[in-house]
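J.: Sequence:
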Amino acid sequence: MNRICPPWRQFELLGGRKRMADTNGMDFGNERAKDALRIVLEIVHGKEVVDYENSSHRLLFYILEVHAWLGHPKATYSSGMDPKMVGTQGAQFSPFFNKDAISGCIFDMEKKAKYLYRVKDWLLLALVAEKLRLHDVMQLVLDNLCLFCRADKRELPEEARDCIKDRDWARIQDLRLIDKNLLNKREFYVDKIFKGLRLLSHQVLYFDGGILLNEKIFNTYQDYKVAACSASMAAVR
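Going by my numbering, the final residue of the sequence shown carries number 237, and the count climbs one at a time with no gaps.
Hints were generated in silico from the structure; no laboratory data involved.
Hints may be right or wrong, so weigh each one.
As the list claims (entries may be wrong) - BS3-like mimics (lysine-lysine), calculated; alpha carbons at most 27 Å apart, straight line:
no., residue 1, residue 2
1, 34, 99
2, 153, 120
3, 192, 165
4, 120, 34
5, 99, 120
6, 185, 153
7, 131, 111
8, 74, 114
9, 153, 195
10, 180, 131
11, 47, 131
12, 131, 114
13, 180, 192
14, 111, 165
15, 131, 34
16, 114, 99
17, 180, 153
18, 99, 165
19, 112, 192
20, 131, 153
21, 114, 47
22, 74, 131
23, 185, 111
24, 185, 112
25, 165, 34
26, 131, 120
27, 47, 74
28, 180, 195
29, 153, 192
Said to hold, decoys possible - Here are the simulated distance ranges between beta carbons:
no., residue 1, residue 2, range
30, 157, 131, 20 to 28 Å
31, 111, 185, 19 to 27 Å
32, 161, 190, 15 to 23 Å
Bear in mind the structure is a predicted one, so any value in this text is a computation, not a measurement.
Even for Gly, the Cβ is constructed at its ideal location relative to N, Cα and C.
Kindly generate the complete structure, drawing on both the sequences and the hints.
T.: Here it is, written out as structure tokens:
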């Protein structure tokens, strides 16, 4: 356990590496940081089922920070296992993280907020997704990020930063999230938004002219998430 639980700010990376892990980004007075330390130590001590439900994005980020300080261990072992068996070929082990549970937690977070970008410092989840290779979560992040992008820039938009610290913001920038594919997706969303606005303006013209929507036009409204007026809906029905 000396290798797993060294003194604060002296987390020595496992796996034979000599450099020390960078702990300067962790606020040890933050309750989420304390929870992250507790959860990781529980995993190290053999806890097999960790409840990530209702975990915040900041807590998930801190958990991965602590995990990195320990040298990115890939597996954990039962607390009842003979210490001499740990790390041997015949030892039974579990993945250090339940990726499905973490992914589910993030999607629940997005569901409660309606949109991921409404979650404070939501771009931290890009680091979580990248570290754990959560492709579905990364796609969710990119889907939200493209709403903030500009066609002529590949830098991360400052309006998506919220209160993310300089150190963490630099790490997110290093991921180079904005590429040609993301800008193409942005263009698709922009076109869809303008199409929806045109449909809204047409609806005003239809209403002023006393023209009722036919089924084809009504279905187009639904495709673009544009609510038809109640009178038009009644006519279609």
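J.: Hint by hint, note whether the structure agrees.
T.: Verification of the hints:
{"no.": "1", "hint": "34 x 99", "in the structure": "holds, 21 Å"}
{"no.": "2", "hint": "153 x 120", "in the structure": "holds, 23 Å"}
{"no.": "3", "hint": "192 x 165", "in the structure": "violated, 34 Å"}
{"no.": "4", "hint": "120 x 34", "in the structure": "holds, 20 Å"}
{"no.": "5", "hint": "99 x 120", "in the structure": "holds, 22 Å"}
{"no.": "6", "hint": "185 x 153", "in the structure": "holds, 14 Å"}
{"no.": "7", "hint": "131 x 111", "in the structure": "holds, 22 Å"}
{"no.": "8", "hint": "74 x 114", "in the structure": "violated, 33 Å"}
{"no.": "9", "hint": "153 x 195", "in the structure": "holds, 24 Å"}
{"no.": "10", "hint": "180 x 131", "in the structure": "holds, 22 Å"}
{"no.": "11", "hint": "47 x 131", "in the structure": "holds, 21 Å"}
{"no.": "12", "hint": "131 x 114", "in the structure": "holds, 25 Å"}
{"no.": "13", "hint": "180 x 192", "in the structure": "holds, 18 Å"}
{"no.": "14", "hint": "111 x 165", "in the structure": "holds, 26 Å"}
{"no.": "15", "hint": "131 x 34", "in the structure": "holds, 21 Å"}
{"no.": "16", "hint": "114 x 99", "in the structure": "holds, 22 Å"}
{"no.": "17", "hint": "180 x 153", "in the structure": "holds, 11 Å"}
{"no.": "18", "hint": "99 x 165", "in the structure": "holds, 26 Å"}
{"no.": "19", "hint": "112 x 192", "in the structure": "holds, 25 Å"}
{"no.": "20", "hint": "131 x 153", "in the structure": "holds, 26 Å"}
{"no.": "21", "hint": "114 x 47", "in the structure": "violated, 33 Å"}
{"no.": "22", "hint": "74 x 131", "in the structure": "holds, 12 Å"}
{"no.": "23", "hint": "185 x 111", "in the structure": "holds, 22 Å"}
{"no.": "24", "hint": "185 x 112", "in the structure": "holds, 24 Å"}
{"no.": "25", "hint": "165 x 34", "in the structure": "holds, 19 Å"}
{"no.": "26", "hint": "131 x 120", "in the structure": "holds, 20 Å"}
{"no.": "27", "hint": "47 x 74", "in the structure": "holds, 15 Å"}
{"no.": "28", "hint": "180 x 195", "in the structure": "holds, 23 Å"}
{"no.": "29", "hint": "153 x 192", "in the structure": "holds, 21 Å"}
{"no.": "30", "hint": "157 x 131: 20 to 28 Å", "in the structure": "holds, 23 Å"}
{"no.": "31", "hint": "111 x 185: 19 to 27 Å", "in the structure": "holds, 21 Å"}
{"no.": "32", "hint": "161 x 190: 15 to 23 Å", "in the structure": "holds, 22 Å"}
The structure fails hints 3, 8, 21 (numbered hints given earlier, in ascending order).
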